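**Q** Input sequences plus hints: build the corresponding full structure.
Chains as they are written, first to last, in the working numbering: chain A, 833 to 1359; chain B, 833 to 1359.
In short, the hints are calculated from the structure, not lab data.
These numbers were taken from a predicted model, which means no experiment stands behind them.
Be a bit skeptical, because a hint or two may be false.
To be verified - Calculated pairs, EDC-like style, for lysine to aspartate or glutamate (alpha carbon to alpha carbon, straight line, at most 20 Å):
1. A:Lys-974 <-> A:Glu-1034
2. B:Lys-1282 <-> A:Asp-1200
3. A:Lys-1063 <-> B:Glu-1250
4. A:Lys-1278 <-> B:Glu-918
5. A:Lys-1163 <-> A:Asp-839
6. B:Lys-1278 <-> A:Glu-918
7. B:Lys-1282 <-> A:Glu-918
8. B:Lys-1340 <-> B:Glu-1356
9. B:Lys-1145 <-> B:Glu-868
10. B:Lys-1057 <-> B:Asp-1069
11. B:Lys-1145 <-> B:Glu-965
12. B:Lys-861 <-> A:Asp-1348
13. A:Lys-1252 <-> B:Glu-1089
14. B:Lys-1340 <-> A:Asp-1200
15. A:Lys-861 <-> B:Glu-1349
16. B:Lys-1282 <-> B:Asp-1231
17. A:Lys-1080 <-> A:Glu-944
Protein chains: 2
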Amino acid sequence: MNYKNLDQSLVYNSLKKLGPLDMPFSLTKERIKDSETPIGGSLTYNWATMPVGKEHLSLFQQLSDELQLIEKYRLILSGAIMNEGEQRSVLHHLARGRVLGEENLVHVDGEEKGSFYAKELQKIAAFSKRVREASLLSSRAKAFTTVVQIGIGGSDLGPRALYHALQGYAYGQNIKELKAHFISNVDPDDASEILSKINLEESLFILVTKSGTTLETLTNYQFVKSSMLQKGFSENDVAKHMVVVTSKSSPLANSNEFSASFYIDDYIGGRYSSTSAVGATLLSLAFGYEVFEQLLQGAHQNDISALESDVTKNGPLLDALIGVYLRNVLKLPTSAILAYSQALIRFAAHLQQLDMESNGKQVNRFGDAINYQTGPVIFGEPGTNGQHSFYQLLHQGTDTVPLQFIGFKENQRNFDVEVKNSTSQVKLVANLIAQIVAFARGKEDKNANKRFLGNRYSSLIYAQKLTPLELGSLLAHYENKVMFQGLIWNINSFDQEGVQLGKVLADKVLANGEGDEILKAYMEILF
Amino acid sequence: MNYKNLDQSLVYNSLKKLGPLDMPFSLTKERIKDSETPIGGSLTYNWATMPVGKEHLSLFQQLSDELQLIEKYRLILSGAIMNEGEQRSVLHHLARGRVLGEENLVHVDGEEKGSFYAKELQKIAAFSKRVREASLLSSRAKAFTTVVQIGIGGSDLGPRALYHALQGYAYGQNIKELKAHFISNVDPDDASEILSKINLEESLFILVTKSGTTLETLTNYQFVKSSMLQKGFSENDVAKHMVVVTSKSSPLANSNEFSASFYIDDYIGGRYSSTSAVGATLLSLAFGYEVFEQLLQGAHQNDISALESDVTKNGPLLDALIGVYLRNVLKLPTSAILAYSQALIRFAAHLQQLDMESNGKQVNRFGDAINYQTGPVIFGEPGTNGQHSFYQLLHQGTDTVPLQFIGFKENQRNFDVEVKNSTSQVKLVANLIAQIVAFARGKEDKNANKRFLGNRYSSLIYAQKLTPLELGSLLAHYENKVMFQGLIWNINSFDQEGVQLGKVLADKVLANGEGDEILKAYMEILF
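**A** And the structure:
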């Protein structure tokens, strides 16, 4: 396989000379219809308002072929060591199905990994069924009505975003919901607040830490435990309220402090773990395993779409290539996620981790410095809320921020109201359409303060409705887009060495500064 | 008064030639102690890890003097028309007290504005007392236990951020809390979700729209109202659950659909309205007017600190000047807010609006194009959560993102746990210290993948504890910082013409596209 840095690519050097399409001039109704790619579930990716035309697409195709992006994706799927920094395979795709087919089994550590992931999911399916049917009861012989995830980073953001995304769906479908809460921050007020809201007698806690050593998570586990002991629960009682998701090599594996243990491994990074036991346990308890299974299916459909070698038929790949054009050729350092769906309230926070932790790198996969920009800053809030907040800068600020809109024709909950001849849902979608067009076309005005330059680039991902299937494919779309961008930049999207220094220094502070006078100076003002 | 564009300033042209300090080399314990400014309440602003030394500070002082920043702030305080685009005074400071003293009254529209704001606050104090003491009851003769704010943008983000910031404080102080919820998005699932959570018989709704015409807010008001009518409340009953915050000229003023009306005016923009009736009504109901009054006092203290002409003694001004140096000289397009306090969970979302809507402008205050960058992209999540999310890019990404840390020595809720010889609060602060130092100093390593270049700039705002007083000064610090940056850039920070085009096009979509074939093409795929 050929691993070259992006700036060693001849095609890239041609691409750098190709300027952007002029949107106010180029946006036609034909272009809108011709710029679509299905990406799994009923989701469609539409790039009509991105500044790329046929010439760009042709160079994108050549770049993808030259850099062997599909072959590299196949390598990942086959279990090759594509996380070089940690010398690990990258197997999150396998957690939702065998993309290369049943004949391509992945053996790592003497284990067939597809079966391992599937078996853990079956355990979760059986366990969550017992909890939801109240055949497994709490230490007080009560049915569990509440689940609390204790985890941070990938053990928190993804599952949390997906939980919020499915609450309205479950409500609309009359699916029983166990309410979920999340404790993540080491700030003691986080755990305190959640504990003040819930009934411990009916609460099941899910402790999620792959290594079994995450400071915040272990501390919050002790926080919850000591709170329960104080309230008269015995050690034995507490265990009946605790399950763990961890790796088999973790100090928490096979512990009798938990009433059930579900396993993950080192080949699925935290930010890619929502479709493993990390997300499965919470979501299956909250909404039933069937809902989670549909989410897996949607993700699997996107994974399959990502095998397509024609870049115009491969949504995650095209999204990745356009992103690289915006970042490296047009030099745009940020990107906003604008979901016109209240259900996706925390989705941008998950994508912030997924993208920025994966591709916020300054060395290539071999540890050599690179001479081009990698991952952008990602941010976002749901529309229409964002319109009344930061859109002013997006429309009339001095920098261009590329946008990704997400929208659905139907809402999730079965209630709407008609005001001034339109429902709220229609108003929501009308605003989405209006913004896409406003950003692209702009508007002339004699008064410069009321002028919109346009050419503010966006793309759109849409479907009929946000169901678990669409949510799964949406999640995987971004995972695969981020993966392809990492492959284009020739970086390792699957490690995170940048988080280590802070850990080391925090330990030093906790050991009284260890003679580091800078740390000590801050300790004087902050302790 | 002298209004020149920034690039017409001679001092600025000197500043542009002055490179940044080298942090790993320059950061000493003396520097940490010498780089502090009090900013109201017990808050301190520390800029030790910003790349500015004595030469920078000297040029900052000259720039501030040349651009007459303090004089311009005084003009704002005096009621001058500093929002030229809308030909309005800018009076949010006055809502929390007379910064220039009792002898400088501001008369606008034939009204002494300080008394007007004070009178509305007194009405809110009296009303919230009756609700909290249960002398004013619901239509079902029940005490109100829940308040729901219906508003969007500035009527939502600021009050919501402040509510979350004070919940733990109230809990720790045994202050009775009326639980607050927020309905903002026109997505019908937003209102549906909130309505599914609350007991209507005990809920008081606060409709907040200055103009009385905000699409989302009026729609959500009708949503709530029709839901109540469906559940057997009469029109008369509904009014007993509704109060309004609006301007006297709004169609909602003097309406019998509300049991109480509190007034604001056109001289306090939405994003600056948290310390007016917009925030006062919700926060006084939730926690009592006394708590809100302390918040006002904190804001007022910051407003007074912002009068100081010595830039090293004026926190908001210095923060603004450093921000301009980062943005215009070092060309850094983003900035992250990293609050090590779970209570500030939504504070960055408020700052996103405050900063990006105020200063995301491409024309100066006279409507002429400008040739330099204005407001940056603002984003953030609380620490330590962010450490496990996007900090990878902050440490090892290819771009520098300036950071602002916020931290407190004590937590708000009176519960903590000791694990491995330290409390959670100590761990939280240890992480804060570790990150500041890690970003500034970096770390050499033979393995480039484990190397940290350092020179990632940050500043710190800290206090003993997050109380209403500190929260008020923190809020005002950012308002005043944004104001000073707007003055430096010679732009109008108080209008938002960039939100208009979207509104016009949304109306066009709702009128079936009105022959606009681009809108119609999107309507075909999205309706």
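**Q** I'd like to know which numbered hints this structure contradicts. Please list them from smallest to largest.
**A** Failing hints, ascending: 11, 14.
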